[in-house]
Amino acid sequence: MTIWIDIDLCNGCKRCLKECPYDAIEMKGDKAYILDRCTSCGACLSSCKQKAIGTDAEPKEIPDFNDRQGVWVFAEQKEGKLNPVSLELLGIARALADELGQDVSALLLGEQVSDMSEVLIHHGANSVYLAEHKTLKDYRTIAYTKVIEDLVMSYKPGILLMGATHNGRDLAPRVARRVGSGLTADCTELSIDPEDGVLLQTRPAFGGNVMATIANRYSRPQMATVRPGIMEALKKSDRKGSVIKHEVSLLEKEIGTEILGTVTEKRKSVDITKARVLVAGGRGVGNEEGFKVLKDLAAVMNGEVAGTRVTVEEGWIPAEHQVGQTGQSVRPEIYIACGISGAIQHRAGMMNSRYIIAINKDPLAPIFQVADWSIVGDLREVVPELISQLTAHSA
Amino acid sequence: MNIIVLLKQVPNTTEVKLDPKTGNLIREGIESIVNPDDLHAIEAAVALKEKDGAKITALSMGPPQAIDALSEAMGMGVDESILLSDKAFAGADTWATSFTLGKAIEKIGEFDLILCGRQAIDGDTAQIGPQVAECLGIPQVSYVFEIEEIEKNGIIVKRRIEEGFERIRTSMPALLTVIGEMNTPRYPVVSNLLDACREKAPIKVWNAADIGVTTSEVGLEGSFTNVIKTFAPKSGRAGEVLEGDTKTQVKTLIGKLKENLLV
Ligand SMILES: Cc1cc2nc3c(=O)[nH]c(=O)nc-3n(C[C@H](O)[C@H](O)[C@H](O)COP(=O)(O)OP(=O)(O)OC[C@H]3O[C@@H](n4cnc5c(N)ncnc54)[C@H](O)[C@@H]3O)c2cc1C
Ligand SMILES: Cc1cc2nc3c(=O)[nH]c(=O)nc-3n(C[C@H](O)[C@H](O)[C@H](O)COP(=O)(O)OP(=O)(O)OC[C@H]3O[C@@H](n4cnc5c(N)ncnc54)[C@H](O)[C@@H]3O)c2cc1C
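Chains as they are written, first to last, in our numbering: chain A, 1 to 395; chain L, 1001 to 1263.
Honestly, the hints are just simulated from the structure, not real lab data.
One or more of the hints may lead you astray.
Unchecked claim - Listed below are the simulated DSBU-like cross-link pairs for lysine-lysine, each with C-alpha atoms no more than 35 Å apart in a straight line:
1) A:295 x L:1258
2) A:274 x L:1229
3) A:51 x A:31
4) A:253 x L:1051
5) A:18 x A:361
6) L:1247 x A:295
7) A:134 x A:28
8) A:240 x A:253
9) A:235 x L:1229
10) A:60 x L:1087
11) L:1049 x A:28
12) A:156 x L:1103
13) A:236 x A:295
14) A:31 x L:1229
15) A:49 x A:31
16) A:253 x L:1049
17) L:1055 x L:1152
18) L:1087 x A:18
19) L:1204 x A:60
20) A:361 x L:1256
21) L:1152 x A:78
22) A:18 x L:1229
23) L:1152 x A:253
24) A:274 x A:295
25) A:137 x L:1087
26) A:49 x L:1258
27) L:1087 x A:274
28) A:236 x L:1258
29) A:253 x L:1258
As the list claims (entries may be wrong) - Okay, the calculated bits of chain A under chain L, using three or more residues with CB under 8 Å as the criterion:
30) 7-15
31) 38-44
32) 146-160
33) 210-224
Small disclaimer: the values here were computed from a predicted structure and weren't measured.
We put the CB at the ideal spot given by N, CA and C, even for glycine.
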């Protein structure tokens, strides 16, 4: 496929420049030009009001999907415990389904897991498709793919969401390929296009440097994996719903993989994702000793300490305290960033905190762009002052 | 043993900076690199070759300049490379990309193991590995950080999960997606690199016709999903800078917290 700009039609509005994820369109005078960096990704095509952007790609017909109804959620569980993301998915699925005037269903797969059906209904599902079989005891790609394929083919949902967990990101692409549909990865925002009812799926790409909104107009179900910790679960209610049992016939030899054992590594002593207040430190904290005063602040505020990757690599705090792209995603009521520059990989993990307070001596530190309240100053003065005023306040 | 390694050339996104004035990305001068996870896949393949002997073929779909990524792989010990390059492949989502790679692998023919990175740092989807495995109808294990043992018809690996790891035996042929924890990639050897740049270097270039696909099956036309909009991440925060000396700043802050019933 090739993309070009019809210079005579271009009115120099620059809309396409904003759309290009590769920064491959440039203004020369008052006309837009495509540079060598262009990968023909097509993101600019719909941006041009003048229809000046041309392509040799054949326009595709959008099939009629009127028979594809319902918003489905894969309820991930392990050893009889639901992964919290399952309830988060039900929360967003409920909102989408209400907007479409459709129902929410949860897919529950495992061995002897039926007692979780009720929890799923209480958190937003109208119905639960329950598949119980001994081959489904532990998550295995091919076994789970087969069962979900059967369900999708029988009941034809319009939307199917899974958590962007290790297992979700293993399963979803396989299912998408199997049922013949597109898939959007690791979404942080989902909504319905008011014009045509299509699911708008927004996700970070380029390591969080770019947000992209993606639509799947040509296949069903519209599938997405959703980043854990982003969507909000509904409060438990006494909602009623139905449980539909699905017969499974799977042979061990069809599955290809066998789990020889699962090793749980040293249980995390803290779970920073559950803290109401997080006091997070970065390189500016200086050393392990410097974290002491952060711990004191956390204690005063009933919170936990967290840190950037730098502080973990330096050995100032243990790895389970790391926030960010390669650490945890957190969403506390208050996030206090002390001596943290605010690199994109760090922000990816804390941007959804309710309130963000940033303390940094560099007024240009990017962390201030995401903060509600910014203090430009030396954390070695600000943090002790904060502790002393808070203690005085509560005394 | 025949091993195929999938690799992607990507822009080095960790160098991306924000323009402090406009908040836009500055992408000028960003170099292209081999996707970091893929270096670990190559290293794993070369380690297997050194241990038990293997023939390694690297496969990449991308623009003509992606040949640099393949040359680097050859420098590390890959035996043969194939670049899939055709205007028709451009604009592909993971559906179309995995289909294209799958067709090329069918043409390569024999393989026991396919190694790829878990995730590319530009598209960031981590979908290609599982989808290529599905195209070929073979099992996959994702998030692999150790190959424990190669058996007669299978392989035992360790797979990272959130709370620890799983030991998994899979039948072969199989596809593994690997993570950075797996190993430390070696540097390319200069003499190998030079060989890879020679006229007769074992790097083939295949287009759509070579792998027997039509334009409507690949690239943007063969895709189900489209990127309809991109934008810089926005914060939507109040962004209030608290003025005064430390005492005053902290006092104002505590006032704000009280106002919002946070303390
Ligand atoms: C693939 C990849 C994944 C990554 N994943 C993560 C991740 O999960 N989490 C993560 O955090 N990072 C991650 N990073 C690293 C990230 O890019 C940054 O390097 C890191 O977040 C920076 O940490 P920092 O803010 O502690 O240090 P720096 O960037 O060095 O910032 C230190 C800040 O402290 C300020 N400061 C110094 N002294 C004081 C003082 N006395 N008082 C007040 N302020 C002071 C400075 O002004 C500066 O802004 C990742 C990087 C890559 C490439
Ligand atoms: C901003 C943006 C967002 C996007 N979001 C989506 C989306 O949500 N869903 C979707 O279907 N597509 C999406 N795409 C398209 C997607 O990036 C391409 O299909 C790309 O070719 C493969 O996906 P990836 O880069 O995410 O690879 P990943 O699946 O993350 O890559 C995993 C591994 O597969 C191998 N691999 C990947 N690409 C190649 C290749 N070209 N040649 C050889 N081996 C390869 C490598 O070993 C790599 O480490 C998006 C593109 C952009 C620009």
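Does the structure keep residue 1087 of chain L and residue 274 of chain A at a Cα separation of 35 Å or less?
violated, 49 Å
Restraint status (C-alpha distance of residue 1055 of chain L to residue 1152 of chain L at most 35 Å)
holds, 17 Å
Would the pair residue 51 of chain A and residue 31 of chain A pass a check requiring their Cα atoms to be no farther apart than 35 Å?
Holds: residue 51 of chain A and residue 31 of chain A sit about 14 Å apart, inside 35 Å.
For the pair we were handed, residue 18 of chain A and residue 361 of chain A, check the Cα-Cα distance against 35 Å.
Judged against 35 Å, a Cα distance of about 33 Å means the pair holds.
Within a Cα-Cα threshold of 35 Å, do residue 18 of chain A and residue 1229 of chain L meet the stated pairing?
holds, 9 Å
Run the distance test for residue 1152 of chain L versus residue 78 of chain A: straight-line Cα separation, threshold 35 Å.
holds, 31 Å
Is the straight-line distance between the alpha-carbon of residue 156 of chain A and that of residue 1103 of chain L 35 Å or less?
Roughly 29 Å separates the two Cα atoms, so the pair holds.
Pairwise hint evaluation, residue 1229 of chain L against residue 31 of chain A, where the allowed Cα distance is 35 Å at most
holds, 21 Å
Compare the distance between the alpha carbons of residue 137 of chain A and residue 1087 of chain L with 35 Å, and conclude whether the hinted pair is satisfied.
It is violated: about 46 Å lies between the C-alpha atoms, which goes past 35 Å.
Does residue 1049 of chain L pair with residue 28 of chain A here, judged by a C-alpha cut-off of 35 Å?
violated, 52 Å
Take a quick look at whether residue 49 of chain A and residue 31 of chain A sit within 35 Å of each other, Cα to Cα.
With a Cα-Cα distance of about 14 Å, the restraint between residue 49 of chain A and residue 31 of chain A holds, given a limit of 35 Å.
For the pair supplied as a hint, residue 240 of chain A and residue 253 of chain A, is the alpha-carbon distance within the 35 Å limit?
violated, 39 Å
Comparing the model with each earlier hint shows violations of hints 7, 8, 11, 25, 26, 27, 29, 30 and 32; every other hint is respected.
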